[in-house]
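K.L.:
Protein chains in written order, with the working numbering: chain A, 1 to 331; chain B, 1001 to 1630; chain C, 2001 to 2378.
The set of hints was computed from the structure by calculation and includes no laboratory data. The structure displayed is predicted, hence computed values, not measured ones. One or more of the hints may lead you astray.
Simulated crosslink set (DSS-like; lysine-lysine; CA at most 25 angstroms straight-line) [claimed, not checked]: (1) B:Lys1206 / B:Lys1151; (2) B:Lys1481 / C:Lys2124; (3) A:Lys289 / B:Lys1239; (4) A:Lys289 / B:Lys1269.
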Amino acid sequence: MLKYIKKRLLLFIPTIIIISIVIFFIIQLPPGDYVSSYVAALAAEGETFTPEEIAAMRADYGLDDPWYIQYFNWVKGIVTEGDFGYSFEYGRSVWSVIMDRLYLTLAVSFVILIFQYAVSLPIGIYCANHQYSAGDYIWSFIGFLGTATPNFLLAILMMYWIYMATGEVYLGLFSHDMLQNGLRMEYLPEFLFRCLIPLIVIGTSGTCGIIRTVRAQMLDEQVRQYTLTARAKGCSEKTIIYKYCLRSALNPVVSGMSGSLRTIFSGSTVSAIVMNLQIQGPVLLQALKTQDMYLAGTIVMIQAILVVVGTLLSDIALAWLDPRIRFSERG
Amino acid sequence: MKKMLSVLLAAMLIVTAFGALAEAPTSFTEAPYITNLGTYGDVTERLPVASDVMVEDADYLEIGVYGGELKTSASTSNWTAGKIIEEGLFRFKIDGTVEPNVAKSYEVSDDYTTYTIHLREGMKWSDGQPFTAEDCVWFYNAICLNKVDSKGVRACHKDANGNPAVVEKVDDYTFTVTFGTPKYDFVEAVAVDLKWHWAPKHIFEKMVNHILAGEDAEALAEAKAICGVEFADVGAAGKEMLYYFWNYPGIPTLNPFVMSTEAGKNDIKGDYYEFVRNPYYFKVDAQGQQLPYVDKITYTAIQNVDQSLMLLLDGSVDWQTVAMGSLSTIMSDANVPITINEWPGGEWGSVTTQMHWNLSIADEKLNALFNNIAFREAMSICVDRTEFAALFSDGWLEGGQAAPSEGALGYSEEWAKKWTEYDVAKAKELLESCGLVMGADGYYDFADGTDFTLNIVSVADSGAADTYALLKVYYDAAGIKTTFRDYDRSNIDVMTQSNEIECILYPVTGIGDISIILKPNSMVPGTATNVVWYGNMTKETATGDLLELINLKEKLDVTGDPAERTAIAEQMLALHEKNMWTIAYVEAAPAYHAVNGRVHNFPAQGVWSDIYRDLGFAHSQCWFIPVDQQ
Amino acid sequence: MALFRKKQMAKDESYYLASQWTLMWRKLKRHTLAKISLAILLVLYLGALFADFIAPYGLEEFSSVYKDTGPTKVYFTDENGKLCRPYVYKLEKFNNRETWTVEIRENTEEKYYLDFLVEGQEYKFLGLIPSNLHLYGLVNEAGEADRSARINILGADSAGRCIFSRVLFGSQISLTIPFVSAAISFVLGILLGGISGYFGGFLDTAIQRVIEVISAIPSIPLWLALSAAIPPDIPVSTMYLYITVILSFIGWTGLARVVRGKFISLRNEDFVMAAKLAGVSDFKIIVKHMVPGFLSYLIVNLTLGIPGSILGETSMSYLGLGMKSPATSWGVLLKETEDLVTVAQCPWKMIPLIFVIVTVLAFNFLGDGMRDAADPYK
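Only chain A is shown next, with the shape it has when bound in the complex:
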């Protein structure tokens, strides 16, 4: 196992180098550059620029170099000084922009991730154990309703209904008063109420996939020979389900988890919009759209590293879950 991990770690560096080149190339691929989107955005607000000003800005930002020179300079900065470059949009170092949002993003993403699994695993197991019962159908229906409804529509619908019922608009996690006066104990009930909409929206959007996967896997495992053997030997149904079936049923769930790490780092853009939170997701979206090269590059790069690490972790977790994999990796 250790040898395997060591081998994987060695492959890490070339993979990351290739990924970084691909990323940088793709980010600058759409026509235009940061200066053109900056000028256009300000023109929309009434500011105008002369062609000389625009050319000077481009030279200032080093945007008149070809992309591989820009890439080389960026990587040089990272390797030699740990400097991830400079966000044109924010006028600050990329690192400080990322750090500004890191904690909130991590907190929010973890809560969502835990919420999604905490909700969907039991439901998936329930549905498998009560296949074709009313409960199974109801959960299927709710799950697919959530998947098929655009998240933003669901959020507006809920906000609107709550407004029609209470006369108050509950937008985002924090009310105006909370933002103004800081978080005080007296706001706790309202805060919890405000969490309701995002939890429902994000809950219904992400959980369906996990529920269906767990359900299908459990159903597969329940009719396997080993389950029958265990049952014949008199194992309790609980042991069969949780010790045997669930364990192998989790295989695809864990394989799919490698992408979750990246989501934790950036937070989903949807949840940011629904909860009206300033987390990494929308910053990345904006940076990609305006070609704020170094900011976008750094965030995507960190995400990619997390995907690679996540893949490694999920492979290790898979091996732990499934002795068959463990033994084969050893060889």
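Based on these hints, arrange chains B and C on the given structure of chain A.
P.N.:
Relative to chain A, chains B and C alone:
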């Protein structure tokens, strides 16, 4: 839309007549908010000397009461908070003339080369330091001339040869601006191009000196000491702190509200920030109460326009400029009283329905076609404007043309209605007169049999895709084959500069503005970077009436007499009317400001234009909230 | 008696001799919900096939009067309360500048009657036979087809178009293109994941690294670049197809990892070993012996992939890439619902959502049925 500029003009004349009659207040009072803070001393000391205090006494204003906060929503844009609190050296009145604002008065020499600006004696920055001519002169000499704020010398400071003016201090409250050649429109140009003319020297002198000496590290340390932000380089620090100065805490301004200095409430890109009242603000109301009335303006960040509409419904935000399509929803669902204020804008027709052809397109066949007036007429009359306008505007607007709105310079009913009669048969005749021939597929081809396709582009998310979907039916019926593609705003700019665009619907910069004299950018080739109808045309490549238009603009620049200037402007507009280089299908859309009923003194009549500083024209310092609704 | 026995035997025999597929089909027929789902899907696909005929109005039949109006009220009784030929009233609109609201009224002076096989926009029936007959529509007092009044059974959108017609036309895209992308991802995912997991070693390492690189690619700039590269004069539906195909070449990585995980755990099973020893080709082992072992996961993946694709198009249109009106798909219709004005004033615009949900559920229940049917243990 029947509320027209001319009505406003008349209203304004009455206002000024009455304003002059009112007696200026001699004793002054302050907000309880400031009294309660207890650290600021006598209000009279904080205001300029009594004779130099500025009195806001327009006729529509009620005398207000102090207190409360104005709530609004924000996106992460540089100008969100800026325009609404901006104080310029001069400011526009509703009739398009300019009045002194931070300046007390000005004089101009007979040859229009030297302007003498008088400031208000005893006026102070929001940190209590005296505001003097030194701040104005230093701003120009240290910052503009050296381009520290990234903008450098603005057009208002350049003479006819493009040479920068000389700005000199006369005494603490007087400075002069001297040009090499006569500068006839300096005052208007300052209001349009520059707005302010100062920076707090006592705060920035050290930082700017470091920047000029090339001591970047010291300059950045100084920048951080001032506003607490670590900038990546001196270029960013200069631009953000000296150009977008109101967005950062710790930078004194002359505005009614300044960025809070409390952590967590002063990040313009954060979830929440607030602008609090400036205790040294230089304006009072007619009874001598120091403005502003409200204690602060608070901004809650939102991610999406629908979120701000929702917040409007229950009174979580006090105002919002809304789209026509949302009016009905707001008015039927809000549980607070909402007033809709309809402000006419300066555009020629609704920009979302404006069609611009690239008159300098490289393709010879298209070039000949676009420059043929018959083609433009055909494109205009092939659309049923009654039905189209009703669909486009939900019935609020009527069909129209790209022409100045009623009351604006150059308006004529004839122009406003030119080529608006729906006539497909005539459109087809006109197209044939341009040499197009009907092909077997039911669409016109060029005379040589090659396919004629009009490739229309637009800006993504502008709503133009919907407009095009409606227009396409009419173009198809007239035998004009079209394609449509929308691009990100920045790509449109790139394409404009490389002369790739054939035809654009809803351009980045719409043609037309409040005044062709003040801001000819979008109405004359070669003066704006992002107007498409002339492609990359310049004086060298322009011909015919377009060249004439450029020549007239140059003549306007060197003409002093107001009557003569108007005459030239009228000639320029006449060229537009004759040639119709641009068409539109629907009359100009006004801006609709939805304002919570608790906010008083929001002007029902206004003009929606960047020149007039958009919502800044509503003078937020005069808004107030009755005590029982605070 | 003998006859009966013979019959019985034949039946048994046919059961034992039936192919795997016949057996599956038989089991599927016993699965009520799957049957219902199949029927619903059949109806939806027929609707897509005959959309031109069933839809009363075209995609470009705009109407300012009917803009943002709800489902048309159909009257079955006349003024005296007597049963009569179904009719509707024409609508009128009035902009109230005092209250800033738009008022919609029925003009009881103008009656239009519901009729079947009414003349309307021309189209080609099944793409072959030119026709202008539509299943239903309105006629005036004189019995002539009249389009000044409309019958929008599901209401009208913000350009006055019939939402029911748009749903039908949209299904032509949304019930077909998502399959292309789901199929490509599916095949690539199983194939590459399978190879990776089955063979292991260098191939596995190489494929896994490729997956890591591909899943690190940010999709937004790629979409923007693609949209700039595709010329504007091709039809939007074709462009949508192109982009879907390109994106599905990126979208297979998740499935591939899951398949790989499954293969690693299955490849040392006795039955695989047995097959190997028996000289079965690797490809056959993968497709015939290993893939059925986690068919249920694959079916779930496929049934979730289709709503994913339908919705994916919605998010693409945010970047100016998806379908654009007047071309219509369910994604376009869903996107048009995502604002406050719709939710507050025009809830009928959310009806297309029901079609999406029904389709997705139907696919899912059919998938359930198929999985059960394919399961030899049941």
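K.L.:
Run every hint past the structure and note whether it holds.
P.N.:
Outcome of the hint check:
1. B:Lys1206 / B:Lys1151: Holds, at about 20 angstroms.
2. B:Lys1481 / C:Lys2124: 21 angstroms, holds
3. A:Lys289 / B:Lys1239: Holds. Lys289 (chain A) to Lys1239 (chain B) sits at ~22 angstroms (cutoff 25 angstroms).
4. A:Lys289 / B:Lys1269: 18 angstroms, holds
Hint compliance for this structure: every hint is met.
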